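**Student:** Sequence:
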Amino acid sequence: MTRFVTAKRAAVAATATGAAAIALVAGTTGSATAAHQEATAPPSLTLNFSANNDEANAANALGAGFGGSATVTDSAGKAVGTAYDMCDKDGISAKQVTAFCHADVVFDNGDQVALSVVFPIQDPVTATYPKSFDGVVTGGTGAYKGLTGAAHFTNTALAVYTVSWDV
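Numbered according to our numbering, the sequence shown spans residues -5 to 161.
Hints are computed from structural coordinates only; laboratory data are not their basis.
Certain hints may be false.
Stated by the list, open to error - Restricting the straight-line Cα-Cα distance to at most 25 Å, the calculated cross-link-like pairs of lysine to any residue (SDA-like) are:
no., residue 1, residue 2
1, K139, N103
2, K125, A55
3, K83, Q116
4, K83, N46
5, K83, P37
6, K125, F60
7, K72, T92
8, K125, N46
9, K125, A58
10, K139, V100
11, K72, G129
12, K125, E32
13, K89, A55
14, K139, H96
15, K83, F60
Unchecked claim - Pair ranges (Cβ atoms, derived):
no., residue 1, residue 2, range
16, P118, D84, 32 to 38 Å
17, N54, V161, 17 to 23 Å
18, G143, G57, 25 to 31 Å
19, K72, T132, 21 to 27 Å
20, K139, H96, 14 to 20 Å
21, P124, G104, 28 to 34 Å
What you are looking at is a predicted structure, and each value in this text was computed from that prediction instead of being measured.
Note that the Cβ used here is the ideal one computed from N, Cα and C, for glycine as well.
Starting from the given sequences, assemble the full structure and let the hints guide the process.
**Tutor:** Structural data, given as structure tokens:
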């Protein structure tokens, strides 16, 4: 009987130790997840698509796609990366096209921010600037891992946008 009770106590102690170890691992994992949710906000940026974007050559039909890349500069005007976008035209009128776009801002160090945006493209002949709109930050890598929130775009000239963040 004594051996049975001793063995039972040892089994209970082992189970308690295992549960504590699992709780410790779970707590550590939870802390790492919380750290990822506190991603760094990107700096204010300017995206200049004017040199490489084919929207003007895309068909004027719903669903017509276009894309391009932009030089990304910081507030001091220093080149810090490249933005890539792919868009579909979802609304067409005489003076404006509405497009749904996915864009990735790729910084020179390899960090990325992913965006989803529904935005107005004005006819360059009748366009008035600045024109502002918002997009959704859908994620990031590196310093921006776990980033979510909003990106605020101001269209300052044909195919040129300043971007600030609410993340």
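**Student:** Hint by hint, say whether it matches the structure.
**Tutor:** Hints and how they fare:
Of the supplied pair hints, the one linking K139 and N103 holds, its CA atoms being roughly 14 Å apart against a limit of 25 Å. Annotation: proposed proximity of K125 to A55 holds, straight-line Cα distance about 23 Å (limit 25 Å). In summary, the hint linking K83 to Q116 is supported, as the alpha carbons are separated by about 12 Å, within the 25 Å threshold. A C-alpha spacing of about 18 Å is found between K83 and N46, which places the hinted pair at or below 25 Å, so the restraint holds.
A C-alpha spacing of about 29 Å is found between K83 and P37, which places the hinted pair above 25 Å, so the restraint is violated. Taking the CA atoms of K125 and F60, the gap is about 21 Å. The hint holds against a cut of 25 Å. A C-alpha spacing of about 30 Å is found between K72 and T92, which places the hinted pair above 25 Å, so the restraint is violated. Between K125 and N46 the CA atoms are separated by roughly 21 Å; this keeps the pair inside 25 Å, and the hint holds.
At roughly 23 Å between alpha-carbon atoms, K125 and A58 fall within 25 Å of each other, so this suggested pair holds. For the suggested pair K139 and V100, the alpha carbons sit about 13 Å apart, so the restraint of at most 25 Å is met. With a C-alpha separation of about 24 Å, the suggested pair K72 and G129 falls inside the 25 Å cut-off, and the hint holds. Only pairs whose Cα atoms come within 25 Å are accepted, and K125 paired with E32 is rejected, the gap being roughly 30 Å.
For the hint linking K89 to A55, the alpha-carbon distance of about 14 Å falls within 25 Å, and the restraint holds. A threshold of 25 Å between alpha carbons decides the hint, and for K139 with H96 the separation of about 18 Å falls inside it, so the pair holds. Proposed proximity of K83 and F60 is supported: the alpha carbons are some 8 Å apart, at most 25 Å. For the pair P118 and D84, the supplied restraint of 32 to 38 Å is violated, since their beta-carbon distance comes to about 20 Å.
Range check, N54 to V161: Cβ separation about 35 Å, and the 17 to 23 Å hint is violated. Here the CB-CB span from G143 to G57 is close to 29 Å, well matched to the stated 25 to 31 Å. The hinted window of 21 to 27 Å between K72 and T132 holds, with their beta carbons roughly 26 Å apart. The hinted window of 14 to 20 Å between K139 and H96 holds, with their beta carbons roughly 18 Å apart.
The hinted window of 28 to 34 Å between P124 and G104 holds, with their beta carbons roughly 31 Å apart.
In summary, the structure is inconsistent with hints 5, 7, 12, 16, 17 from the numbered list given earlier, while agreeing with the others.
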